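Number of protein chains: 4
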Amino acid sequence: MTLTLDQARTIIATARAKGREAGMKPLSVVVLDAGGHVLAFEREDGSPSGRFAIAFGKAHGAVMMGVPSRRLGEMAVERPHFIAAAGGAFDGKMVPVAGGVLLRDATGALVGAVGISGDTSDNDALAGVAGAEAAGLTAEA
Amino acid sequence: MTLTLDQARTIIATARAKGREAGMKPLSVVVLDAGGHVLAFEREDGSPSGRFAIAFGKAHGAVMMGVPSRRLGEMAVERPHFIAAAGGAFDGKMVPVAGGVLLRDATGALVGAVGISGDTSDNDALAGVAGAEAAGLTAEA
Amino acid sequence: MTLTLDQARTIIATARAKGREAGMKPLSVVVLDAGGHVLAFEREDGSPSGRFAIAFGKAHGAVMMGVPSRRLGEMAVERPHFIAAAGGAFDGKMVPVAGGVLLRDATGALVGAVGISGDTSDNDALAGVAGAEAAGLTAEA
Amino acid sequence: MTLTLDQARTIIATARAKGREAGMKPLSVVVLDAGGHVLAFEREDGSPSGRFAIAFGKAHGAVMMGVPSRRLGEMAVERPHFIAAAGGAFDGKMVPVAGGVLLRDATGALVGAVGISGDTSDNDALAGVAGAEAAGLTAEA
Chain G
0 MTLTLDQART IIATARAKGR EAGMKPLSVV VLDAGGHVLA FEREDGSPSG RFAIAFGKAH
60 GAVMMGVPSR RLGEMAVERP HFIAAAGGAF DGKMVPVAGG VLLRDATGAL VGAVGISGDT
120 SDNDALAGVA GAEAAGLTAE A
Chain Y
0 MTLTLDQART IIATARAKGR EAGMKPLSVV VLDAGGHVLA FEREDGSPSG RFAIAFGKAH
60 GAVMMGVPSR RLGEMAVERP HFIAAAGGAF DGKMVPVAGG VLLRDATGAL VGAVGISGDT
120 SDNDALAGVA GAEAAGLTAE A
Chain Z
0 MTLTLDQART IIATARAKGR EAGMKPLSVV VLDAGGHVLA FEREDGSPSG RFAIAFGKAH
60 GAVMMGVPSR RLGEMAVERP HFIAAAGGAF DGKMVPVAGG VLLRDATGAL VGAVGISGDT
120 SDNDALAGVA GAEAAGLTAE A
Chain A
0 MTLTLDQART IIATARAKGR EAGMKPLSVV VLDAGGHVLA FEREDGSPSG RFAIAFGKAH
60 GAVMMGVPSR RLGEMAVERP HFIAAAGGAF DGKMVPVAGG VLLRDATGAL VGAVGISGDT
120 SDNDALAGVA GAEAAGLTAE A
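Residue numbers (numbering that gives the first Met the number 0), protein chains in the order written: chain G, 0 to 140; chain Y, 0 to 140; chain Z, 0 to 140; chain A, 0 to 140.
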């Protein structure tokens, strides 16, 4: 299945609501399709200028590798040269820390990723999972 | 003044409504702040994958140069080497055709730009102007 | 629908057979998915080293813009600054001459593109259309 | 000798058959010539979008350096600054983990490389060696 803009908007709205409810810092939330292309993005007021690149890099690395960005972060500790090189292969568009969450449909197919940046990376990931579930998708964080 | 996410969301919602009302093709709409950084983006269903890059390039070129992208297109005809070189200076992040609309506040200060891609570039710009006005801003297209 | 590797292989085999049958020069044929990512590629013996980049650029520009590369070439004559800038926005991955053919499924949805380089660009496109049709897809050249 | 497309196709078909027989995850397999240019590539269904870049980076780093990518990974542990810098010198087109296998002819001359990504890097390399041998080449993994 193909992710719709309505689903992407639901993911972003829910992730932001989760952040407000839990008292997180301002969040930036991007939703990418399975090809790593941006469907929707919002950056909350008070965020620094670089949030798009960080949120995008979390989601892009995850969807390109088929691996949640939290796991990419563990791999970066185990084999730093591999993750550094993969980042180079993706022209720097890979940020290997939690907050890049894979989105799967009911058949398990990878349909995209949500990337969040703003609070701790664990909280970022929690907000992403909440968003994914609200859109009827399975999150892999 | 600083552009807020609420204003960016209003710009996008209004531009999209304008597009639907006028029977335009699926639109992609990005709002950038005065630093050229993404505040919000939405890509309507049925758009090809490259729409973010084109919409972003229109808005980014406009806000970086302080000139609407339609005027950058005229400059590209008058002095092609200048606009080509400026595009290189911005790492390719400049698309000099209509649809990158400057956003100004009540004092005339440049606060950002909206970039639209999907229909004819004239229609793209019309949708952007509608969005800007709905957010209480002055559009320069 | 998602393009399969078997479909991509059929496209390549048929395009190559068309080229042999019509006495074309050695062909290079790439098939991309809707996100612009490579599914399959073959370069016939006797081709120069740069054929992958050219075939890829034709198909990538087409699928990113949702426009066959032949039409991108016409646009490059009408508005050279636009097509030059779009190429920059895609990091040079756009070659606006015939031979980048859009692939659509039965519902008309864009599912990818085939890019061919080696003979005249008109012949390149003919081979791509033959490949697309053999895979049960609608070609837009 | 110069690697032919038929040899490249044999390498890919055999590596894929090896993967299916051994129950590996979906594989992506690229064959490069001695100049580091793509001869053929196939990405099995169910692979994430970034597989071409990773498989290519393994093979490209190997053939550019004349060293199997597994050995580049060991060098990355011994002298991280060297491998990081070499990756930069090749514009990020070098992924120093197993799965980029050198291809040599009967005289020992380097004629290209096969790069595989999808399963563990050790399994990736095994599939590449099987492919090389089926094409009458000596594999250096």
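Certain hints may be false.
Because identical chains share one entry, a pair is satisfied inside a single copy or across any pair of copies.
As the list claims (entries may be wrong) - Cross-link-like lysine to aspartate or glutamate pairs, in silico, EDC-like; alpha carbons within 20 Å at most:
hint : residue 1 : residue 2
1    : Lys24     : Glu139
2    : Lys24     : Asp5
3    : Lys92     : Asp44
4    : Lys92     : Asp104
5    : Lys17     : Glu73
Please keep in mind that the hints were generated in silico from the structure rather than gathered at the bench.
Computed from a predicted structure; not experimentally measured.
Here is how each hint holds up against the structure:
no. : hint           : in the structure
1   : Lys24 x Glu139 : between (23 Å within a copy, 18 Å between copies)
2   : Lys24 x Asp5   : between (25 Å within a copy, 17 Å between copies)
3   : Lys92 x Asp44  : neither (24 Å within a copy, 24 Å between copies)
4   : Lys92 x Asp104 : neither (24 Å within a copy, 31 Å between copies)
5   : Lys17 x Glu73  : neither (26 Å within a copy, 29 Å between copies)
Going through the hint list in order, the structure does not satisfy hints 3, 4 and 5.
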